[in-house]
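Enquirer: Sequence:
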Amino acid sequence: MEREMPDNSVVVNLNQFERSRRAQVSAETLSILHGCRDLLIEGATRVLTRQTEAMESTLLAMADRSPLLDTRNSYYGAQGILNKRANELLSGCKDAYCQTFNDFAHNREKPAATELSELSLVDDQDFEITLAVDKATSRLRYNCAEELVALDARIGHLLGRADLSENDSPLGPRALCEALLDGITRIQPEQDIRIVLLNQFDLVLTTELAQIYQSINRYLIDRGILPDLKVGTKNRAQSAAASPTSTAPAGAGLAAQGQTGGDMFRLFEQMAGGNAPAAGAGGYAGGTSAGLAGFSLLDSLSQLQSGAMMLPGGGRFELPILEAATIQNVLRSLQQSPVMQAASPLDAVLVDAVATLFDVVFDEATIPDRLKAQIARLQIPVLKAAMLDRNFFSQSNHPVRRMLDAIATLAVHLPDNEAGNTRLEAISQIVSRVLDNFEQDITVFDSAATELEAMGALLEDTLEETVDASLEQDIAQLKQSERAELAPVIVHDFINRALKEQPVAEAVREFVRRDWAQLLTLDYINEGEAGAHFNSHVETMRELVWSVQPKADMDARLMLVRILPGLLKRLREGVAEIDLPEKLSDRFFATLVILHANAVRPNAQPVPLPDITPEEIEELAATPAADAALSAAPMTAAEPTAPEVEDEFTLRARALNKGDWVEFHYDDGTFRWARLGWASSIKNTYLFSDQDGMNSFSISLNRLADKLRRGEAVLVERKSITESAFGKLMNLFRQKLGHA
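Residues in the sequence shown are numbered consecutively from 336, following our numbering.
Hints were generated in silico from the structure; no laboratory data involved.
A virtual CB, placed ideally from N, CA and C, is assigned to each residue, including glycine.
Treat each hint with caution, since some may be false.
[Claimed, not checked] 27 Å max Cα-Cα, derived DSSO-like pairs, lysine-lysine:
1. 419 <-> 429
2. 429 <-> 918
3. 419 <-> 1018
4. 429 <-> 470
5. 707 <-> 419
6. 835 <-> 904
7. 993 <-> 814
8. 904 <-> 918
9. 918 <-> 419
10. 904 <-> 419
11. 1042 <-> 993
12. 993 <-> 1018
13. 1042 <-> 814
14. 1018 <-> 814
15. 1018 <-> 1042
[Said to hold, decoys possible] If you anchor each label on the Cβ, the simulated ranges turn out as follows:
16. 407 <-> 992: 23 to 33 Å
17. 795 <-> 884: 51 to 61 Å
18. 495 <-> 982: 46 to 56 Å
19. 831 <-> 751: 37 to 47 Å
20. 406 <-> 992: 18 to 28 Å
21. 837 <-> 408: 15 to 25 Å
22. 782 <-> 366: 17 to 27 Å
23. 1067 <-> 426: 45 to 55 Å
Build out the structure end to end from the sequences listed, making use of the hints.
Expert: Below, the structure written as structure tokens:
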């Protein structure tokens, strides 16, 4: 056990020394650590917030499939917390993580391991919690292995702690999982519910955390923390739009962290003949030629950006004017102009590369023409920026590329109406600002990209609120329709469990199965299994069954006396709700009086029950309320049947989440974009809305998969348009060089 040293001791306590030595963290280091902390916890809570409804659906589906009552209750309890207290829950998780992180940063580390003399047995609950955290940590670490190798190295370097273990890293999955568990515990749910919630959080983060760690690595690289660290690459589909970046200088060598950017620039050099001049950091490598003495390509572009340029012999050259609806690659015209006489071989290749980039963007079917026209206006500024800063080709988060990607992403928010026109005008004003202000300062693009990204985020949030409000009634009707189909099965199951192996008179058994079942069916259709009325009436049914059983001891008889007034009151209220015929109701309650009397005199001769023929019952119970409820339940419009095929298209449809976009194509050649607003976990029904969230339609999983299979529906991927274009550009240049 660690002991405090006396003040006059000359012996150095190595544990205390090591902690005090590590505590010397500079303000700059602390600022970087806080930036990493915010990227991780903000990114994680953003993902969990976005997936809250999906987690609720998953938990309800798991509860429906679970045969054990305790397990079902745990799933329902976790779902209820997500439904009613999600904000409080995630806020608690965020606070817990920040506190843990700050403790680490300020050297308030976890207490040392307990001494052997203080060891005690771990109870089953603590063991289950520890096991859940271990499993969650292992799963996240496995799926983020590549990113964490680099991140652990950078954090160790930043802190000067080469011995920092993976579980001690404040940014590692272990710290995150423990903080999530701490945040869950703060709202004091039961242990089983804590484990269920932690598992759900882990499953959601498994597919998203790698990108968050990539962003933290980029953040550290940008601040000079091991920018040249070499790690292997992993074939992860979602990493295409978030490749690592570099702060290395631009030039012929282009020491870029992004492999694609470095390979691309080497291809440029080969295309130029291998003798291209080098450029300085972020500088321009363009040369001049005798054909246009005294001019440089960069100077020429600056003049063309504002209008026309005068040629040495008195001539005049200008590019075609791009109107608001014009889509034309003016860089192709530039390549055939006298201006290119001022270009070096490498500059000529760069012009061709950027021109090809715009060719690919203009061919992208998911971008509407009126948005392509705005992108077309940026051709000269983008070319200038690429020549001023060669990192344009290597950094996926380069300001210019961010701006182009942000414009392309706004395509889903430009319906062909007044609202879409207003948004397009706002985009046009931002583009005009770049055209007017850009000389050589790339930050003009940075501010424009930030403004466009904020516009996209605001539109997405606004649309989500609109969709949630407009679809609320449709979702309620679909859920009610689904419950109407499930009601007979669910109610039958509850009644069977209540009556199972219970000595109940046939009159009560018949009342529960024929009459009380109608009330339970109504409750289930209206509220679902978690509804207060449904659960109250189930409990009343169980009390009824218990009340008519023989009471062998005084305690049971006293209990019956206490509960009987309330039980009879609830039974009469339930009978009134289903409009049970008065004669049938009176006969049942008269029978019930006799049954209760018989229940408390086990040794006496029981009083015989009044007789009633089946014909009388059938005549009295002519119109069951359950049938009326089923007929009144809202029905969705019938749609064409589709084959039940389990293939890649079914998997794509099944993988859709709320907020995803699908492009539906029609026979007349038109198409429209629709946003997924809700998906049923029971019948696999998908509810979509249009770009404004005002109109909606539903479609089954099999029908949607069939449309994907036929090409009548296309998933709109939220990918980087520039990343995709650079991939195609690289393949094209390889083919030109014979590297196919």
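Enquirer: Now tell me, hint by hint, if it's right for this structure.
Expert: Hints and how they fare:
no. : hint                     : result
1   : 419 <-> 429              : holds (18 Å)
2   : 429 <-> 918              : violated (62 Å)
3   : 419 <-> 1018             : holds (24 Å)
4   : 429 <-> 470              : holds (21 Å)
5   : 707 <-> 419              : violated (43 Å)
6   : 835 <-> 904              : holds (25 Å)
7   : 993 <-> 814              : holds (16 Å)
8   : 904 <-> 918              : holds (18 Å)
9   : 918 <-> 419              : violated (44 Å)
10  : 904 <-> 419              : violated (32 Å)
11  : 1042 <-> 993             : holds (19 Å)
12  : 993 <-> 1018             : holds (16 Å)
13  : 1042 <-> 814             : holds (24 Å)
14  : 1018 <-> 814             : holds (10 Å)
15  : 1018 <-> 1042            : holds (18 Å)
16  : 407 <-> 992: 23 to 33 Å  : holds (25 Å)
17  : 795 <-> 884: 51 to 61 Å  : holds (59 Å)
18  : 495 <-> 982: 46 to 56 Å  : holds (54 Å)
19  : 831 <-> 751: 37 to 47 Å  : violated (56 Å)
20  : 406 <-> 992: 18 to 28 Å  : holds (26 Å)
21  : 837 <-> 408: 15 to 25 Å  : holds (22 Å)
22  : 782 <-> 366: 17 to 27 Å  : holds (23 Å)
23  : 1067 <-> 426: 45 to 55 Å : holds (49 Å)
Comparing the model with each numbered hint stated earlier shows that hints 2, 5, 9, 10 and 19 do not hold.
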